[in-house]
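Those protein sequence lines, which keep their order, are chains A and B. Using the working numbering, the first residue of the first sequence is number 1, and each one after it goes up by one. Using the working numbering, the first residue of the second sequence is number 1, and each one after it goes up by one.
Derived by calculation from the structure, the hints in this document are not laboratory data. Mixed in with the good hints there might be a few duds.
Covered stretches of chain A (chain B as the covering partner; in silico rule of three or more C-beta atoms under 8 Å from a C-beta of chain B) [claimed, not checked]:
1) 51-62
2) 82-89
3) 113-120
4) 214-221
Only pairs whose alpha carbons sit at most 25 Å apart, straight line, appear in this in silico DMTMM-like list of lysine to aspartate or glutamate [what the hints assert, rightly or not]:
5) A:Lys161 / B:Asp379
6) A:Lys181 / A:Glu249
7) A:Lys181 / A:Glu240
8) A:Lys161 / B:Asp387
9) A:Lys144 / B:Asp376
10) A:Lys144 / B:Asp317
11) A:Lys144 / B:Asp379
12) A:Lys144 / A:Asp77
13) A:Lys181 / B:Asp387
From the derived model, a few chain B residues whose C-beta atoms are all more than 12 Å from chain A [unchecked claim]:
14) Ala46
15) Ala69
16) Asp247
17) Ala303
18) Pro385
We put the beta carbon where it would ideally sit given N, CA and C, even for glycine.
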Amino acid sequence: MQTNYQSHPVALALRGVSKRFDRPAVDALDLTVYGGEFYALVGPNGAGKTTTLRMVVGLLRPDAGSICIDGIDALSDPVAAKQITAWLSDEPMIYDKLTPYEYLEFVAGLWRIEPATAEARARDLIGWLGLEPHAHERCEGFSKGMRQKVALAGALVHDPKLIILDEPLTGLDAGTARQVKNVLRERVRAGGTVIMTTHILEVAERMADRIGIIAGGRLIAEGTLDELRRQTGETATSLEDTFLTLVAEQVAAA
Amino acid sequence: MSQPASLTWLASHEFRLGWRDWVSLMTAGGRTRARNAAIGLVIFAAFMHMFAYWTVATYANAGLASDTAALVGITGTLFLSWSLLLSQAMESVTRIFYSRSDLDLILTSPASARKVFAVRMGRIASASVAIAILLAAPFVNVLAVLGGSHWLAAYGVVAAMGAVATAAALALTISLFRIIGAKRTRLIAQIVAAVIGAAFVIGLQIAAIFSAGSLSRFAALQSNWMLRHAPDTGSAFWWPARAVLGDYVALAAVIAAGVAILGASIALFSRRFGEHAVAAAGVSSATVRQRRWSMRFRSRSAARALRHKEWILLRRDPWLVSQTLMQILYLLPPALLLWITFGKGNDAIVVLVPVVVMAAGQLAGGLAWLSISGEDAPDLVATAPIDAHRVLWAKIEAVIGMIALIFAPIVAMMVYDDMFGAAMCALGILAAAGASTLIQLCFRVQARRSQFRRRQTSSRIATFAEAFSSIAWAATSALAAAQTWTALGAAIVALGLLAGIWMISPSRTGAH
């Protein structure tokens, strides 16, 4: 049974958001993601996915447009917006000389989480992600998968309403990818909102409630998998076929 | 054209990589800076030739009939230069051991790994020889122009010294590998290299100060004790010195010995070099278990969490600590000289103040770079619900806190001698540390902490500004401690310098 997310409160609203570097990276983008939704943003390389998400989390300032997170204007009150948002990039940036436990304590301090609450969450996350044997080892010897798990635990330790992930499964082995996906599903079940970019279309197909396809800095299609299929006129195709058809149409139109 | 995977083919590949590394170091990666770098090098070369004229012109007429004193002076200078070359070569060997870079490609290719590593060792030797020749060139050129072409033989001696320094660095580093293992060798080798580079210079200067009250290294080398205990002038010990003076038989022997020692070490170590490089590459997967100081999360404000993080990261990186504190070590000889020259009266504290303030400024510059530019998780900090200015303040507080912790005992000792002088010293420390931090803020870039070694080449303006600012605050504090109104003038110069830096800084102009 499909959930009608449009009856849910809006978790993220982008209106006319633009960003230009040498050429337009994001071009008057409108995007709405609802609370409790798992939203996948897919698109070819250089489509503007990462730039869009970096603007949402406050790492880049848009040239034009507005960004609203859970009713908070993220451009005029970034601190309040950041309080309920988490960001995880494809390259896990953690401190080599800290242990996962110390890293989570640091993140909890940055988000001003009450120590007892943060500690309980940290223990849960360390357990869920299978980091227990390494919780008191410095991160400097960790593999990419372990570093990504530590970074993910850091993103979740402050219990964000909106979790934004940029290619979180890149370079992870099957077991680690499964653990990450399980944790994200759990967050959505608990009422959190997840927005994720991915090049692995099977992941978007299986996990996302809605999928947005972005190309040339614009949202060219959006909806559930069935809705996207209807747009191409094919009903039994995979997301990969649908994606390639829609992107090809966009390129031809451009 | 050479055969692929042959020695000459591999050597040309290594030469190309080495050349591009050097160009990137000189131009800080910017193509447009190449012309400025070339102009800078020409000016530097001219300055070095003037400096060489000032220091060695009087020795130009020395010949083969030189006495023990001349031979001791030349040999001491050669040994001093060699210790610096050894330090540089150890740095290079350690860096190549631990940079994984193309290791996988090399070891999975059908090319002989032994041949590849032999060529790589040759590259280290070539770099050492090139550095040695470049540094020696102004002195040799001046001597050759003023004293005759026989001085050009010194180039051969310098090249042989570079070869022997590389051989010694290889032997030392590989011995460390065998004795203490891959994991500890990295840190120990880097510290040993830094200490070798610094200790001989500092030791000679301190000896010179006690024997003659001068900073000159030659004073110690010309002492009666040294001349009494030196070998006879006919001894083979003086061959390198005699070769420098134009004894071509000695020159041939020195070059032959250098080439033979380097060749033997390459032949001996090239197989082990590969084995150790593989072991070193595996070090990254080693784990360090941290003692559980506390099982409970502590209540901290965001700013306090940031400060705590900075302190803990610095404390856990002994190499960074050693590199940073090494700057203070170099200030010991001038401090001693100042103390001996002027400090015998009641005004001893006045001569100590500028040295301490200068050290604080330099140390703060390094710490500020680590804290402000060397942030390993920039996205995390930037997406945290804390104002960007608060983040910067927390980092500045972390730097000033560390400086206060290091220098508080020194100031406390000064209080016993002169309360006013100690107060001026404390103010000077704060001003110099604050100014260096501000300069790092003006020139901040996004970098990883591991790039600390290259921070000085990434912004030379910031490096010079930091040095001049520290000197200006040192002068201000010394004059203030001496209770003269000219301190105000020095303070105005220091502030003016800071204002000038701020005016041209990329942070203000928006340039990158």
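Here is what the structure says about each hint:
no.	hint	result
1	51-62	holds (count 3)
2	82-89	holds (count 6)
3	113-120	holds (count 5)
4	214-221	violated (count 0)
5	A:Lys161 / B:Asp379	holds (18 Å)
6	A:Lys181 / A:Glu249	violated (31 Å)
7	A:Lys181 / A:Glu240	holds (20 Å)
8	A:Lys161 / B:Asp387	holds (20 Å)
9	A:Lys144 / B:Asp376	holds (15 Å)
10	A:Lys144 / B:Asp317	holds (22 Å)
11	A:Lys144 / B:Asp379	holds (17 Å)
12	A:Lys144 / A:Asp77	violated (34 Å)
13	A:Lys181 / B:Asp387	violated (32 Å)
14	Ala46	holds (41 Å)
15	Ala69	holds (52 Å)
16	Asp247	holds (53 Å)
17	Ala303	violated (9 Å)
18	Pro385	violated (4 Å)
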